[in-house]
Structures are given as C-alpha cells and as structure tokens.
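The numbering used here applies: residue 1 is where the sequence shown begins, and numbers increase by one.
Don't read these hints as lab results, they were simulated from the structure. Please read all numbers here as calculations on a predicted model, not as lab measurements. Treat the hints with care, as some may be off.
What the hints assert, rightly or not - Listed next, the in silico SDA-like pairs over lysine to any residue satisfying Cα-Cα at most 25 Å (straight line):
hint	residue 1	residue 2
1	K113	D72
2	K113	L103
3	K55	D72
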Amino acid sequence: MAPIAEYVSILIYLGVALFIGVAALVVGALLGPKKPGKAKLMPYESGNDPAGEVKRFPVHFYVVAMLFILFDVEVAFLWPYAVSAGTLGLYGFLGVAAFTLLLFVGFLYEWWKGVMRWH
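Use the sequences and the hints to build the structure in full.
Put into structure tokens, the structure is as follows:
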C-alpha cells in the first residue's frame with residue numbers, strides 16, 4: 001500500500017465525523033423552536049429568580065483555566081514518547097524537543113503578555 005493510501009480511511013472517518021457534527025447543528029437550528037420570551041431570556045440561577053446584580057468572573061480566570069488545559073494536554077502528548085523513547089532514537093528525540101520548544105516559546109509569550117500576573 002502506498003503511504004498516502006494508508007491515511008484515506010482516517011480522512012474518510014474525519015469527514016464523516018465533521019459531516020455528522022455540522023448536520024446536527026444545522027438540523028437543530030432549522031427545526032428547533034424559536035419562541036424567545038421574557039422567562040426564557042432571563043438569567044437562570046438553579047430554578048430561582050435572579051436576586052441582585054449579576055457579577056461575572058474576570059476573564060483572567062478563564063485564561064488561566066485554558067492555559068492549565070493546554071499544558072495538561074502537553075503531558076498527554078509527551079507520555080507516548082516517554083514510554084517508547086528507547087525505540088525512537090534521535091529522530092524521536094528531535095521531534096519531542098521541537099514540540100517542547102514550541103510550547104516553551106508559547107509559555108514565554110504568555111509570560112511576556114502578563115497573562116500569568118494576578119492583579
């Protein structure tokens with residue numbers, strides 16, 4: 001089998017998954033009820049009427065949460081390399097070094113922009 005032909009099944013799988021996701025969103029948007037009312041547009045607080053002002057969390061909390069997920073996923077990508085480091089040799093090491101360097105550059109950019117600074 002040609003090297004490109006090995007990926008055809010993966011591309012078909014991704015295409016079908018993308019089609020199902022988009023189709024579900026389109027069908028829901030077309031067939032879903034569209035009757036907004038005062039009660040439906042009101043903020044929801046565990047079935048109770050909202051009391052007082054709505055206070056939102058600063059965006060900084062969400063950014064820190066996304067950064068945690070990003071660097072947590074980094075560990076998930078490094079785990080297979082750690083398991084098979086002996087068989088991958090220098091080529092595998094250079095790939096992981098490039099991956100880690102790219103993430104480190106992203107981390108330095110976040111630090112430089114002040115994302116990690118608490119006000």
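Any hints from earlier that this structure breaks? Give me their numbers in increasing order, please. Per hint list: single violation, 3.
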